[in-house]
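Visitor: Given the sequences, and given the hints that come with them, work out the whole structure.
Chain residues, written in single-letter form:
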Amino acid sequence: MQIYLPIAEMSVNAFLLLGLGGIVGVLSGMFGVGGGFLMTPLLFFIGIPPAVAVGTEANQIVGSSFSGFLAHFKRKNVDIKMGLVLLIGGLCGATIGIQIFALLRELGQVDLLVKLSYVIFLGIIGGLMFLESLRAIIRSKANHVRVIRKKHGWIYALPFKVKFRKSGLYISVLPPLAVGFFVGILSAIMGVGGGFIMVPAMIYLLGMPTKVVVGTSLFQIIFVTAFTTIMHATTNFTVDMALAFLLLVGGVLGAQIGTRIGLKLKAEQLRILLSLLVIAVCLKIAGDLVLQPSDLFSVDKGLSH
Amino acid sequence: MIIIFFCFATRSIHAEELVAELSKDEVAITTNFNGSDIFIYGAVKRDSAIKPADKSDGPLEIVITVSGPLEKLQVRKKAKKTVIWMNSKTLEVDAAPSFYAVAATGNVADIISETEDLRHRISIKKAIRSVGNSGTVQDVDQFIDALIRIRQEQNLYHDLSNSVSLKDETLFATDVTLPANLVEGQYQIRIFLIRGRSIIDYFSTEVSINKVGIERFIYDLAHKSPLIYGLLSIFIAISAGWGASAAFRYVRL
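These protein sequence lines are chains A and B, in that order.
Using our numbering, the first residue of the first sequence is number 1, and each one after it goes up by one.
Using our numbering, the first residue of the second sequence is number 1001, and each one after it goes up by one.
The set of hints was computed from the structure by calculation and includes no laboratory data.
Careful, some of the hints might be misleading.
To be verified - Covered stretches of chain A, as calculated for chain B (at least 3 residues, CB under 8 Å):
#1 104–111
#2 237–250
Claimed, not checked - Here are the simulated lysine to aspartate or glutamate pairs, DMTMM-like style, with alpha carbons at most 20 Å apart:
#3 B:1080 - A:288
#4 B:1078 - A:300
#5 B:1089 - B:1141
Built from N, CA and C at the ideal position, the CB exists for glycine as well.
Guide: The structure is reproduced here in structure tokens:
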């Protein structure tokens, strides 16, 4: 069944979109990530204009992260105070990210910017996660006792300390503000929620307990992506409601299935699978940048100079 | 098919005149829009039978063009910078049709003179305007050719040589397929009557292609009240997210 997307101005098979949403939903349910980093490149691949893909994906993430947030909120696994601090940073970052996006779109380099960001961040996160989970697997086989994570001294030396009761932390607001800011920029440029960067940063950099990390990051993501959606809708007119809705329907169904699969796997196995997936996406995009493209030419429309 | 159009060309200095009609003068882009066909047909009107004087100029030929709204474009070319392939040169195209089809009784380049082609912008290449473009690009032709090739791959530009049927130098007809990835607007249809590589009569009309229903509503809202549109998008996303989690909780209980 073909459906004409009003903003992307193209006709796409509705079942293809539901299927894509479903597959990414399964993976995001399994691994507890938003899936934006998979969905946006897939949308490029089926021919959705990059600007529309990024704007629409932000809109979709609002819905999927809200669904996930509700589950965590009921179990009281959300540190609202920490979430608000991350959010303030995130909104500032997103504002700047949108400006960078618009500027590079004008220069015809938005494609390069988006792809480079993907290669760099997916490469770093995927690589680190792979090594970390490999070590964890080796450790559990050798039956060693887990080494206690050492606290980062310099983070505790910063001023403006605030008590985050839920996380059991008494730290400066500067590091969470910086993390939120950075993720906000990425959210606007890459069309992702940024959970795949924020979650490790919250655990390793801020030292938050793993239990509250996912719910708190989802809380922040809802608002940052909602803000990004509004910004893309008002400055670039690139949010396609119909596309977002179809992806969401497939996504939420897939996520429920994925969550069940995820429960059957061990944490280390899950993490190593996720890291391989992240690395695979990274290599694919890196290949596109380094190998000679099949067509050197491309056509952009609708920019005034 | 709704037949609405009826028009007579009025340039009667020549003995031969065009009478033409379209199968439809409106195309509605609905939610399940998947392209459309336009059937263009007509006849050559004469006061008397074909005179030998007419024939002496060569056989009668017909060229039909269908052009979508003009848009400003950038054609970019990638080049290797150290290890990465990135856009390096850009050609600004002032106006290129979003859709263009040129159908003819023969090969367009053979049946029409260069002068007529230039004046009426008939062939695909002439329909693309990129004047005053000397800035960063030297080989403009290469960029224009790339634009045509890319748009042909997207089914947006069509060279339909030898696709117009002409019977007894009087009745003609052709079919033009509009793809699903159409931009809305007024599409101009021109029919040229040609003898001896010169245009002896022409006829022009328009087909309006518009989004309707929900497509129209979404598009207008997104462009006329973007803030409300953005808020509505978020509201829908939140409701879908909440609905999904509520539905699954209900199923599990």
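Visitor: Hint by hint, say whether it matches the structure.
Guide: The hints, checked one at a time:
1. 104–111: holds (count 3)
2. 237–250: holds (count 8)
3. B:1080 - A:288: holds, 12 Å
4. B:1078 - A:300: holds, 13 Å
5. B:1089 - B:1141: Cα-Cα ~14 Å, so holds.
No hint from the list above goes unmet by this structure.
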